[in-house]
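S.K.: Here's the letter readout for the chains.
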Amino acid sequence: MGSSSLLNVSGLYKNFGGVQAIDDLNFEIAGGELLGMIGPNGSGKTTAVNLITGFVKPTEGEIRYRGKNITGWPPYKIVRIGIARTFQMVKPFYQLPAYKNMIIPLYSPRVKKIVGGKYGDRDAVALDLLEEVGFERDAFVAYKVASVLPQGYLKRLELAKAIALQPDLIILDELFSGLSLAEVASIVPIIEKLRQQGKTIIMIEHRLKELFRIADRIIALNFGQKIADGQATEVMDSQEVKNAYLGSE
Amino acid sequence: MQNAELNSSGFKKKRKERIDRGIKVRSSDVFALSSWREMLYLSAPRLLPIVGLLILSIVLSQYWQRVLLSVSVFALLAISWDILAQSGMVSLGQALFFGTGAYLAGNMNHYWGWPPYVTLPLATIFGGLLCTLFLIPVLRLRGIYFSMVTLVLPLMLVRIIEATKIFGGTEGLSGLDSLPNRWVEIYLVITVLLAALFGFRRLMNSDYGLVLKGINDNDRSVMNAGINIYWFKTQALFIAAAIGAFAGAFVTHVYMFVGMPVYALDYSILPIAAAVVGGMGTLAGSMLGAFILVPLSELLRGTGGLRIVFYGLFLVIFTVAVPEGIFHYIQRKYHQFERWVEVK
Numbered sequence: 001m002g003s004s005s006l007l008n009v010s011g012l013y014k015n016f017g018g019v020q021a022i023d024d025l026n027f028e029i030a031g032g033e034l035l036g037m038i039g040p041n042g043s044g045k046t047t048a049v050n051l052i053t054g055f056v057k058p059t060e061g062e063i064r065y066r067g068k069n070i071t072g073w074p075p076y077k078i079v080r081i082g083i084a085r086t087f088q089m090v091k092p093f094y095q096l097p098a099y100k101n102m103i104i105p106l107y108s109p110r111v112k113k114i115v116g117g118k119y120g121d122r123d124a125v126a127l128d129l130l131e132e133v134g135f136e137r138d139a140f141v142a143y144k145v146a147s148v149l150p151q152g153y154l155k156r157l158e159l160a161k162a163i164a165l166q167p168d169l170i171i172l173d174e175l176f177s178g179l180s181l182a183e184v185a186s187i188v189p190i191i192e193k194l195r196q197q198g199k200t201i202i203m204i205e206h207r208l209k210e211l212f213r214i215a216d217r218i219i220a221l222n223f224g225q226k227i228a229d230g231q232a233t234e235v236m237d238s239q240e241v242k243n244a245y246l247g248s249e
Numbered sequence: 001m002q003n004a005e006l007n008s009s010g011f012k013k014k015r016k017e018r019i020d021r022g023i024k025v026r027s028s029d030v031f032a033l034s035s036w037r038e039m040l041y042l043s044a045p046r047l048l049p050i051v052g053l054l055i056l057s058i059v060l061s062q063y064w065q066r067v068l069l070s071v072s073v074f075a076l077l078a079i080s081w082d083i084l085a086q087s088g089m090v091s092l093g094q095a096l097f098f099g100t101g102a103y104l105a106g107n108m109n110h111y112w113g114w115p116p117y118v119t120l121p122l123a124t125i126f127g128g129l130l131c132t133l134f135l136i137p138v139l140r141l142r143g144i145y146f147s148m149v150t151l152v153l154p155l156m157l158v159r160i161i162e163a164t165k166i167f168g169g170t171e172g173l174s175g176l177d178s179l180p181n182r183w184v185e186i187y188l189v190i191t192v193l194l195a196a197l198f199g200f201r202r203l204m205n206s207d208y209g210l211v212l213k214g215i216n217d218n219d220r221s222v223m224n225a226g227i228n229i230y231w232f233k234t235q236a237l238f239i240a241a242a243i244g245a246f247a248g249a250f251v252t253h254v255y256m257f258v259g260m261p262v263y264a265l266d267y268s269i270l271p272i273a274a275a276v277v278g279g280m281g282t283l284a285g286s287m288l289g290a291f292i293l294v295p296l297s298e299l300l301r302g303t304g305g306l307r308i309v310f311y312g313l314f315l316v317i318f319t320v321a322v323p324e325g326i327f328h329y330i331q332r333k334y335h336q337f338e339r340w341v342e343v344k
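Going line by line, the protein sequences match chains A and B.
Counting in my numbering, the first sequence runs from 1 upward without gaps.
Counting in my numbering, the second sequence runs from 1 upward without gaps.
Keep in mind the hints are simulated off the structure, nothing from the lab.
Careful: at least some of the hints might be erroneous.
In silico DSBU-like cross-links for lysine-lysine, where the CA-CA straight-line distance does not exceed 35 Å [what the hints assert, rightly or not]:
| hint | chain 1 | residue 1 | chain 2 | residue 2 |
| --- | --- | --- | --- | --- |
| 1 | A | Lys57 | B | Lys213 |
| 2 | B | Lys13 | A | Lys91 |
| 3 | B | Lys13 | A | Lys199 |
| 4 | A | Lys77 | B | Lys213 |
| 5 | B | Lys333 | A | Lys91 |
| 6 | A | Lys112 | B | Lys165 |
| 7 | A | Lys144 | B | Lys333 |
| 8 | B | Lys13 | A | Lys144 |
Computed Cβ-Cβ distance ranges for the label pairs, DEER-style [said to hold, decoys possible]:
| hint | chain 1 | residue 1 | chain 2 | residue 2 | range |
| --- | --- | --- | --- | --- | --- |
| 9 | A | Pro74 | B | Ile144 | 22 to 32 Å |
| 10 | A | Gly247 | B | Tyr230 | 42 to 52 Å |
| 11 | A | Leu181 | B | Arg142 | 54 to 64 Å |
| 12 | B | Ile144 | A | Gly42 | 22 to 32 Å |
| 13 | B | Leu42 | A | Leu181 | 42 to 52 Å |
| 14 | B | Gln235 | A | His206 | 58 to 68 Å |
Treat the numbers as computed from the prediction; the structure is a model and nothing was measured.
For each residue, glycine too, the CB sits at the ideal point set by N, CA and C.
Isolated chain A, as found in the complex (with noise of 0.2 Å):
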């Protein structure tokens, strides 16, 4: 395949000091899809995500956006060929107001260049951003200290930092942990509008229920390797996934 699919994954594997993390995972995802990855824990998900994004290098093995082989490459240059992620825990500047940690992606080199020279008043392109993930403008939520916001905003304003970067690939880890029903049923629409939008987007989620109901395909690991992939149906008949939820007899 390969010109088809933005973002392919061959080979790769991860070694943590004799622990195998990754261990030969194959997969891609085309433009404009909207990928669930799911395993139980410690199967290696997060690790694909910062192998992908440049946290964590690979012991082997080859990653490739839109053709370019970006394996190994630093996180700051992987964002700017167009990859953002949100980590599973949120990584807030905690002692800056919720409008002021968006400033720091806007500041990118990558918004830089696509806005072309000189944003303007970035604390006004902060606040709009933080409005369309829910943070309601007359409730002045969004000049609150990151320390004392709650969960649910924290994960939203997680979600604004990526959105800012502009990316066609957006990685959402664990978004929708620790929020209640409500919450992700707040935050759906979001992630439907990026689809609209065209954006990529891969999600590794443990709420199944509500992953399943966007997703338009879904990848499951375990030990590192990929055991099922199609639609969320064929999935979870999976002999094997069963068994690396539940346990083989």
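The hints should help you fit chain B onto chain A, whose structure is shown.
M.R.: Only chain B this time, still in chain A's reference frame:
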């Protein structure tokens, strides 16, 4: 219930209420310049260091003018330390910057005969570059690891100078050119200090400074925003090193001597103490700290051998009484007013 509101002497119970002053300049860029009172409220804290330093430079005796030079030098080192700390680099080796600047100026003057007005700017720029080059290999280290390297480097350099006898070895270089007169000395250092204070405060409050502070807060997150944190750290390092190098070059020409003491631990530790006592993260606090600690050290000269004991005692008192830093405390009090209100 009625009794609860009355205290023993029969008056109504009151409590202190703290209210932020009404001018909202701190939260937005729109300045409310509608009255002289408000303009004074805004400009007074900024005018205070300028006017204060000018008055001090005139009224002080010649001895205390020398102390003011020393204070300003340590204030520059403290500002330099503060910029690094705000960018996530805790330096234990301000002496590296200071000494490198001092030796550069001394050598340029001694071997090539260049006058101070050439050596000062050159030592500032090349001292900054040289120190940045020294520290680039350890820029990837975080926290205590970076600090350890900065602590060791000046101590190593001083031994190299001792062993190889370069730059005058243990004797140092003496008989260097001085600045024209003491007024040039004092106004030069005051100008640079004020420029550094206001200039870099402005820089740290800009979006650029926000990125630097972000690196301190969470470097992975800044990296994840497509920003090369090592490049930004390098820039912050250059700025801080250049400030320190200027201080060193300046002192070389004031004392007309440069030698191994410029790499002494004093120049590393005192700026940190100043920043802690004055309040980190504002630059103004670090400067204030230097303006308290250095004269204090002079005043304690009379106590002889117990000087360091009293000095240490004061340090403990300051940090226990005002752990946030004196500047932060004053700033908070300035922006709030208190009034007594009845407890309902």
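S.K.: Hints first: check each against the structure and report whether it holds.
M.R.: Consistency of the hints with the structure:
no. : hint                            : result
1   : A:Lys57 x B:Lys213              : holds (27 Å)
2   : B:Lys13 x A:Lys91               : violated (46 Å)
3   : B:Lys13 x A:Lys199              : violated (62 Å)
4   : A:Lys77 x B:Lys213              : holds (21 Å)
5   : B:Lys333 x A:Lys91              : holds (33 Å)
6   : A:Lys112 x B:Lys165             : violated (51 Å)
7   : A:Lys144 x B:Lys333             : holds (22 Å)
8   : B:Lys13 x A:Lys144              : holds (33 Å)
9   : A:Pro74 x B:Ile144: 22 to 32 Å  : holds (24 Å)
10  : A:Gly247 x B:Tyr230: 42 to 52 Å : holds (45 Å)
11  : A:Leu181 x B:Arg142: 54 to 64 Å : violated (39 Å)
12  : B:Ile144 x A:Gly42: 22 to 32 Å  : holds (31 Å)
13  : B:Leu42 x A:Leu181: 42 to 52 Å  : holds (49 Å)
14  : B:Gln235 x A:His206: 58 to 68 Å : violated (41 Å)
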